[in-house]
Structure formats: structure tokens, C-alpha cells
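There are 2 protein chains.
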Amino acid sequence: MPKKVPPGYNGKILRVNLTDGTTTAEALDELFCRRYIGGAGFVIYYLWKELKPGIDPLSPDNKLVFALGPVSGLQVPGSARNCVGTKSALTGSIAKAEAGGFWPSEFKRSGYDAIIVEGKADKPVYLWIQDGEASIRDARHLWGMETKETEAAVRAELGDNRIQLALIGPGGENMVRYACIMNGLHDAAARGGPGAIMGSKNLKAIAVRGHKMPKIADNERLKAIRQQIMSRPLMPWLSEFGTGGFDMADLEVAGNLPVRNFRDGLFPEVQQIHGGVIKDTIRLGMEGCFACPVRCKKVVGFKEPYPVDPAYGGPEYETLAAVGSNCGVTNLKAIVKANERCGAYSLDTISTGGTIAFAMECFEKGLLTTKDTDGIDLRFGNDEAMLKVIDLIAQRQGIGNLLAEGSARLAKKIGKGSEAFAIQVKGLEAGMHDPRVSGGLGLGYMVNFHGADHCAAVFDMMFLAGPAISNLHHLGIYEPISADELSPRKVGIARSVMLKKVVDDCSVVCAFFEYTLDRQAELIAAATGWETGPVDLMKVAERITNIGRLFNIREGFTAANDVLPERFFQPKTDGVLANKSVNQTDAEKAKAYYYRLMGWDDKGVPLPEKIAELGIE
Amino acid sequence: MPKKVPPGYNGKILRVNLTDGTTTAEALDELFCRRYIGGAGFVIYYLWKELKPGIDPLSPDNKLVFALGPVSGLQVPGSARNCVGTKSALTGSIAKAEAGGFWPSEFKRSGYDAIIVEGKADKPVYLWIQDGEASIRDARHLWGMETKETEAAVRAELGDNRIQLALIGPGGENMVRYACIMNGLHDAAARGGPGAIMGSKNLKAIAVRGHKMPKIADNERLKAIRQQIMSRPLMPWLSEFGTGGFDMADLEVAGNLPVRNFRDGLFPEVQQIHGGVIKDTIRLGMEGCFACPVRCKKVVGFKEPYPVDPAYGGPEYETLAAVGSNCGVTNLKAIVKANERCGAYSLDTISTGGTIAFAMECFEKGLLTTKDTDGIDLRFGNDEAMLKVIDLIAQRQGIGNLLAEGSARLAKKIGKGSEAFAIQVKGLEAGMHDPRVSGGLGLGYMVNFHGADHCAAVFDMMFLAGPAISNLHHLGIYEPISADELSPRKVGIARSVMLKKVVDDCSVVCAFFEYTLDRQAELIAAATGWETGPVDLMKVAERITNIGRLFNIREGFTAANDVLPERFFQPKTDGVLANKSVNQTDAEKAKAYYYRLMGWDDKGVPLPEKIAELGIE
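From first to last, the protein sequence lines are chains U and P. Heads up: the first sequence begins at 1 in our numbering, then just goes up one per residue. Heads up: the second sequence begins at 618 in our numbering, then just goes up one per residue.
Worth double-checking, as some hints may not be accurate.
Capping the alpha-carbon separation at 27 Å, the derived lysine-lysine pairs in BS3-like fashion look like this [unchecked claim]:
# : chain 1 : residue 1 : chain 2 : residue 2
1 : U       : Lys603    : P       : Lys1206
2 : P       : Lys1220   : U       : Lys603
3 : P       : Lys988    : P       : Lys1005
Label-pair restraints from in silico Cβ distances [unchecked claim]:
# : chain 1 : residue 1 : chain 2 : residue 2 : range
4 : U       : Glu531    : P       : Leu648    : 33 to 39 Å
5 : P       : Met852    : U       : Lys589    : 54 to 60 Å
6 : P       : Asp678    : U       : Arg554    : 55 to 61 Å
Computed, partial: chain U to chain P, Cβ under 8 Å [claimed, not checked]:
#  : residue
7  : Arg35
8  : Arg489
9  : Thr516
10 : Pro534
11 : Val535
12 : Val605
13 : Glu609
To be clear, the hints were calculated from the coordinates, so they are not data collected in a lab. Just so you know, these numbers come straight off a predicted model, no measurement behind them. Think of the CB as a built atom: it goes at the ideal place given N, C-alpha and C, for glycine as much as any other residue.
With these hints in hand, go ahead and build the complete structure from the sequences.
This is the structure we're talking about:
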């Protein structure tokens, strides 16, 4: 493999075939790196090229791809991330998710840029990668363990406490369709359920330890970017509260807080569950990811009424809303416990909360009864029920086995019009942000190839700030634009911002820093020595977005799958959205114009010219 | 006018009504500045908003807009430029042209960012602007003078040798449809003939003198950009030869040199007329524009067989080809003389040469005879005839009066199939680059709203370099792409590069520097203090390109005007292009895909959504 390794990369991917137990290093080609950069780019490319159409996501035919970008693991804030992707058992489309922590930076030092896991082990195994050496090890003794026990056991048996793990708990093992992969105990690559695929392959964990960073093209330039980024106030509110601080109450006021399955508006009890309350009561401290000075991660623990292990960190905003307000739950400690359980079991808290909230509404409507729920009184606000159901989901027991399928499958099974209030797109439960106040977000929910993932489309939450748009001038926004607007102007902005987010996910960097498109170019140039720029990077993002689209089309998806759940076209029962909903005509027009801007035909199929332009093969 | 003036701008435009003799200062609005930046943006906006549809370009209803950008006149290389535009009497579309020299930087210090000239003076006048004071002065004594005499006379009567003039000679006065406006004696804002409009308004010159630069937001940042730009080799070949050095011979080899009205390929006499020969024989030195260390402008002079005044500088590549090879002229001194005459008369050398070449081919074909030409033997290669005809054009005498109308009108008058070899698009004679070897250039010729202007579309000349594409990585080009290719991939690149060129023309900076899109954002940010970026700037460029398009549509232009002259679909008579031409199907497909990428319908009309997205009113 005498190919030239570009700086910023290890230059190798590790292919792991669990069926025959082989591990093979493959050289990365520089041209390929330029065309896909890394992270989400690598993930989407390999899934597109290597997965046969129509495979069962839970079969050995599926693959799981972990990828770093050239910026992953560098000494700049926000670089602590990797992307992981697969064909989702929840959606049937690509799942892609990013996570931080310390696994990606450790993996970066272990000699590889990506791992492609294929096949299925005949018994539980884990993968162990140390300084370029990869081995597949028996994990039968680990199977069934929660994530914390697993981490401790692997570190103990390998005799190194600094080993980092990407791993699953019982949720993944039991192939809960929205099981996540945990990077350590705090950070989840969650959306679309890549943990279920890991479980289907009998792969318990990927343990990494490395000591050698790949060469960086221009360390001085990297240092200058770091200083530039650090010279701005680093989001003091994030350092103080993490996500979901006092501003969570503002979300309720604005109508943006999901309350009881996105049905209701008012939720005064938000005052009992936000990050400000956490800080003042049960919080033990804050932690951060590798190389990050913000430290936005809550550490929360207590003993009563049930013990919560601080090792799992505290709930992010998404979790506070998903298993809190969206389930009508007002008991903060129950939310924190649910967060701990999801970390221990490796469950996506958004899909977990979204599915439970849907089930609760079905229960209230009589579409599910205590006969279905093993006697659990699954009404909104019942925090004991919520916690109990999470245990059952992870174990796929009783009602939990049903809920482990996700809200779309559950709705299909229940029928009777319940699909209208299953809050999902393409099978992926929506993030905890409401398209009724956030038009660009709604468009993103519709068109993302991985479903209603707010990470790809949360941008126009910024517009809720109203006149404070001075930091959006780099997008060509000089005049106020309302968050709920779904005009051609918003579509144009949305397209740019969504493409830019793909660049972030290739790089791979955290969305919480001011890595504008220019800075991304600088960052990637500093790492790789490439003369890159915004035109190049946006073209890469277009390439990846189109491949994601083509993957879905190959799997049978059509424009009919690019739709919001009916609930968003209806007003909330109360609060500021009592007379307001997404306008269906606006949404259809926005979708059509987005297709147009992307170079897709009226049905959302990329034009042959666009495919040729981007050099997609 | 208590509006906030953004740094980098004077914050005022000067409106000059020549009919009633008034001059008025109008405040610039910051929002407007953000949306249009300056230069070409201001020019296109005002013409779109203020010109009534269907006006006669040579009537008092027309307007002439001169505009600087925030970077014009700053202490960075390449900043010495302004844009000027009007409704062209040659094309009926917008004419826009940029020029350098010392007029723009002096104008920048005179208190204004733009001048809108409207109406018509009842006798020849010139405009005099000094440190914010504007006056309209009698120019009857200047009328008929060549540019050099005019410059000297105005400087003398105003008593200041550092006064800079934008001015016309007899070509502009006589409303030759392709008369240029000279910035001093070297630099021409030429394409589309803005000098004719200046002449139609009885406006001989705009003399400027100023002492006060507007405040710049961040001088340190500007200095850093300057150092960055200067740290790279500043195109040593340009400093040594100017444009059209030894590489002009390479153009012939590549088939890219226009020979006898773009008809022939071989022209071994190129060895007698290129910039290398000039350097070794008749060159007196090199000069440069304001703040520019490259000094790419030849100074050429001699006494025999006719005197050439070195004050007018020497011919650029475009001129060497236009009145040289494209007219079959092999006599270097005649070319230099023609260049001097065009500067003295204020004629666009490209349209002058293009029109003469067309007439020469008509003459050879018998479509024009000595009866039409006042006895002039107007065959290819007759340098005496070429020079004689230039004098007649400027004076609109005899055959010159016919040729002063440009090749499109001449072809229409002659008929008999001559339109097929009138090398123009929308009436604008093509730049001296051949679409048969340069596909993206051909697309630009087709779709530019100002006609076959290579300045907007010369980019893929770069691809002629072949494998040396490392400096194109910032465009997402990693694999060789041939210059003649007209694929969707090329269309995508072409669109980006053409939009980026619009940014240059707003800024306003010279295309000869490495002001990539990111650097432009930095440059504009340093000047204005704005948080701008590539997404913002590309949106501005889209806005301006769409307005140009809408202006043309309002004037009756359709997709049928976006076509190359027939000659480019035919091979050359000899040389490497003897079996090669533009493929008409490819060209139509490329045009259609360009429309698609621009958000235009199949007929090239901007979609209502695109107009709304860009906020065009």
C-alpha cells in the first residue's frame, strides 16, 4: 500500500469481517479523501458502494462504518467527534450520527481513520485496536452487561484505564431499533439506532488505545485558528448550564417545547426540570470532551428515591424534553434516572421518549390498554411508568418489545388513525424542536435522508432570537426573518446551512463552535495542507447529500416519504401555538423549491446532470 | 442624511443631471451596501431600478453609473478598480466594464462611492469633483480632442497635475457604439461601449481629486491580507511581459489564438507580435496601477514609420490578438499604433478589432467591395487599411461610419449569410479566446447578460495548463478536466467561477490576484467590519446576476439570444482545430443545465421563487 498519506489522516481504514474473524487494513486514497473528506462523507460513501440494495438491516449483510475526519482529535475545541453510520433498522434509510467524548481522539491515535464492520460474529465479541494492531476478542462474559460494567471490565482485562470504548448495553444487544452506540458513558451516537446493528453483529464494543497522532500539515496555522476561536466568548451559558438551561422555559413560551407528544403547548412545570434547576439542586459539576474548554456536560447524581450513577452524566436538553415534557413528566429526578438508564442500556433518548410519548397518547385514547401494557398505567406524566417502560424496552419484554420497534411501526400495528400523531419522518422520531415555530427545521425534517434529525436542520432556531441576527450576516441575512417562515428565502438559507452542517460532519467538528464555512476551510487546510475553500467544501457536501438521497431511492423511498407527520399541520391544544400550525401548501412548495435548488427533479430524484456534475459513481 | 455610513464607503453617491445641470449627493443605505456591496452590484441595481424599459440607449433617458466597491482604492494590490455601466447602444443589454489605473483610487478619496449621470447637457461639459464638491464645467474647448490633450488641458485649467480623469476621445463623442471610457490614458472600461453613452450626453470627462480616504474597519487585518497576498510570487511573467508574452505563441499551438476572424488556426507570425518580442524590441518599460506591485502594463513607443506616443502604454493580449492575428496583421508596430489610436479615440480594442476582422472577411468574400470601403483594400493582413479604418471609425466617416455600428449591425445590413461569421453574442464582439478549446468560456459567452465578455468567463483557460491543476483544488477540482469539456461538471464549476467573478467586480478587485472567495470575504470584512462570508457573497453575486438577467428580459431578450455565433460550431481551416468545433448539442445541454442551476426555467427566466429568495424588487 505505497499510496501517499495526506497529513491529517492515518491513511488507513480497518475492515473487520466478523463472520470469518479477519481484520484487514486498507490504504486510503488521497483523491478519495478530497472528495469525501471524512466522517459522514466516508460513512455515506462506503454504505452506498458496499451495501446491496434491499438487505435486512439486522442481517449480516449490513455494515457499520465508523469514521473520523481530518480535524477529529486535533488540538482545537470541538474536534472530539466521529461519525458512525449504517442502514438503519428503524428507518431503512442510512442512519448517521456523530458523537464526542474521548473515543474519537483515542481512535485517531490508534492508526486508523475508519472502521468498516461487516458480517456477524457467531458469539459475542469485541474489537480491540491498539496502535495499529487490531484483534477480535471474546465478549461472551460481557454480553448482557450495562455500559459502565462493560467499560470497566474491558479496561481491567486489557490492563489499561485509558482505553476508550464505543459500546452497547442491553438495548443494542437486544436490537432495540433505536439503540445507540455510546462513546464511553456520556456521549451517544444515537439517531437511527446504530447500536441495534452493532447488537445484530454480536459486537459488544470497540476498544481503542493509541499513542501516535498522524502528522498535521500546518501546526502553526492550527494554533492560530484555535486562538481565534478561543478569543471569542465560548458560549458562557453552555459552560454554566449545558444544554437546556433557563432558556428551556423560553422555549415553552415560544411554543417550541414539545409537550405530551407535541400535542400541547402549556407546560408550566418546565420550571421544575430545566438545567437551571439541575444546577441549583442535584448537579455535581460539569465535564467536557477532548480538547474542549466549554465543558457543557452536566454531571448529576443522587441516592434517593432511587440511586443515579453520576458516571452517566446528566440529561441534555433533548432528553429533558423527550422523556420529560414530551411525556408530560414533571419529576426531574425521574428524567435524570431515565437518562442514566438510556446510557446504561444504550438507547437513543429522543426516540425512546418519542416512542413512549406516542404510546402514552395511544393509551389515553384507548388505542392501547393495560392489557397491552402489562398493567402499566401508561398515561402522560406517569414518571414511574416511563421508567418502567424504558427497562422493558431495553430488555424487549412485554410492552417494551412493542415499543422497541419505534413509533412508526407501533402506529402501523395499532392503526386507527394513530399514524397522524406518530411524530416521526421516515421512521425517525423527531428531535425536540417544533416545525410549527421553525420552518427551516420542518423542511430539514422532511428532506434529510436520515429522517427528522434536528442535528442536520436545527439552524433556524437561531431566528427565534428575533432582531439579534447580526451573527447571521455571513449567510446573507441582514433583515429579520421569522423562525416559522417557510419562504423561498428560508429555503435558500436552509439549503446552505444544511450543506454546511454536512461539512461539519465530515470534518468532524461540534456544531457549538463558530466554525463557519471559511473557518472549516482553514481548519481542513491546516490539517491536510490542501488548498481547499468554500466552493470545494460545499461541493463535497452536495456530493454526500446526493449520495444519501440516491441510497434512499435505491431502497424505494420517494417524495412521499419527505413529509411531516400530520400533527404539525394542526395547532397545539393551548399556548401560543393554539392557532398556528405549519401550512401544508407552504411546506409542499418549500419542498419543491428545495428539490429545485438541489438539482433534483419534481419527484426529488437527482438529475443525471447533477450526478455527473458531482462525479458520483 | 443622518444614515450610518459603513466603513470602507464614503457613504454618498453623486447624482448628476446634465439636462438641468444639478448635482445632488444622496446617502447610501447600509442595508443596500450589504445587499449589493458596490461596483458592478451598484451599477446593475441602479440601472434596473431607474431605467425605463425600451429606452434608446443614446437618448437622455439613459443613465451612466460609475461605482467603487469597499475595497476600491485601499492599500492592497489589485484594488485600483471601478465599474461603470449603462444600457449599451451596442447590445441593448446592460454594459458593464471594469478598469484600473489611478482614477478609481482618486475618486475614492473625493467623497463619493458612485456617480449616476442622467440626462444630456446641451453643450459639451465635464464634471469636476474635488473633496466632495461637484461642479459641471464647460467642455466646448475640449470637444474633439484626443484623450491625452484632454487630460492635459483639464489638469492645466484646474491647476493640479494629480487630477485623474475618466474621459472619452472622438470615438465616444461620435457615439461609436463600442467607444470605451478611458481611466487616464492606459486603462479602458471598454466592453459594451459606455463611452458612446458618455458622448451622447455631451460629457467629455469626469475629473476627480480627493484627499480623504473613508475610514477602514480593520487596518491591521487589511495589512495581514496584503502580506499574505504579497508573500506569494506575484505572477513574475506578468511583471516581465504583461499580458500576451511568449505564451501567446502557445495559444496558437493550442488553437486558441483568433486568426482572421476566428476562421483560421495557423499563424506562425505570432512570433513577431507577442509581448516577448515587444520586450526585446520597442518596449520602454513597465507601469502599474495604484497600489499594485505587479506592474503588468507595457510602455511602448517609437518614431518610425509613424510615431507612437508612449503615454498610451502598449497593447494588452486582447489588443495584440484583436487588431493583430484576428485581422491577419503581422506588423507589430501597426498593432501598437492601433492600440495608441484606440486609447486616443476611446475605442474598445476588442470590438474594434472584431468588427474590422468581420469586415475584412466580408471584403474577401465580396460582400463588401472597394466601393463600400472608400477604396480601401480591406483584406486580411493589410495593416495600413486596419489603421486607416480605425481613424474613420472614430470619426464615423465613410466605411468607418458603418463599422462604428459594430459587427452585428453590420452583418444585418450586409445580410447574405454574413451573420454566421459575425463573432458576437448579443451584439458584443467576443473576447480573444476561443470556445472551441474552452467550453466554460463558451457557456459564459452565451449566458452573460452583457454578451461575449471573456472577463466574466475566461476561467477555464486555466485548464489549458493540463495536469497543473493544483491551484484549482479550492474549486473542488482534483482530477484533470479538459478545457474544451462542456459537461455538467464544467457547468457547475463555470457557475461558481462566474458568480465569484461578480464578487470581484463588486469588491472591486483585479482578477490577476489570488483573491479566492474566502479572501474576498476577509477583504470586504477588513474594509467594512461586516461579518460576511462565502455564502453571503455568493448570494450577492446571484442577486446581481439575476437582476442583469431580468433587465435583459425586460428589454425583450430571450434564450434565443444566449447562443454562440455559428462559426464556433465549425472547425478552423487549419491547425489543431481543423477537425474540432463546439458541439451544438453539448452547448444547448450546458445552457439548459446552467439555467437549472441558476434557478431559471427552461426559457432562462428566473423562477418567482428565485426572485423571492434573493429579495429582488
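Hint check results:
1. A C-alpha spacing of about 21 Å is found between Lys603/U and Lys1206/P, which places the hinted pair at or below 27 Å, so the restraint holds.
2. For the hint linking Lys1220/P to Lys603/U, the alpha-carbon distance of about 21 Å falls within 27 Å, and the restraint holds.
3. Distance check on the hinted pair: Lys988/P and Lys1005/P sit about 16 Å apart at the alpha-carbon level, within 27 Å; holds.
4. Against the hinted window of 33 to 39 Å, the Cβ-Cβ separation of Glu531/U and Leu648/P comes to about 34 Å, which satisfies the hint.
5. At about 48 Å, the beta-carbon gap between Met852/P and Lys589/U misses the expected band of 54 to 60 Å.
6. Between Asp678/P and Arg554/U the Cβ separation comes to about 58 Å, which falls inside the hinted range of 55 to 61 Å.
7. Look at Arg35/U: its Cβ gets to within about 7 Å of chain P, closer than 8 Å, so that hint holds up.
8. The criterion of a C-beta within 8 Å of any C-beta in chain P is met by Arg489/U, whose closest approach is roughly 5 Å, and the hint holds.
9. Against a cut-off of 8 Å between C-beta atoms, the interface hint on Thr516/U holds, since the closest Cβ of chain P lies about 5 Å away.
10. A distance limit of 8 Å between C-beta atoms decides the matter here; for Pro534/U the minimum to chain P is near 4 Å, and the interface restraint holds.
11. At a threshold of 8 Å, the smallest CB-CB gap from Val535/U to chain P is about 5 Å, leaving the interface hint in force.
12. The criterion of a C-beta within 8 Å of any C-beta in chain P is not met by Val605/U, whose closest approach is roughly 14 Å, and the hint is violated.
13. At its closest, the beta carbon of Glu609/U sits 4 Å from a beta carbon of chain P; the interface hint therefore holds under the 8 Å criterion.
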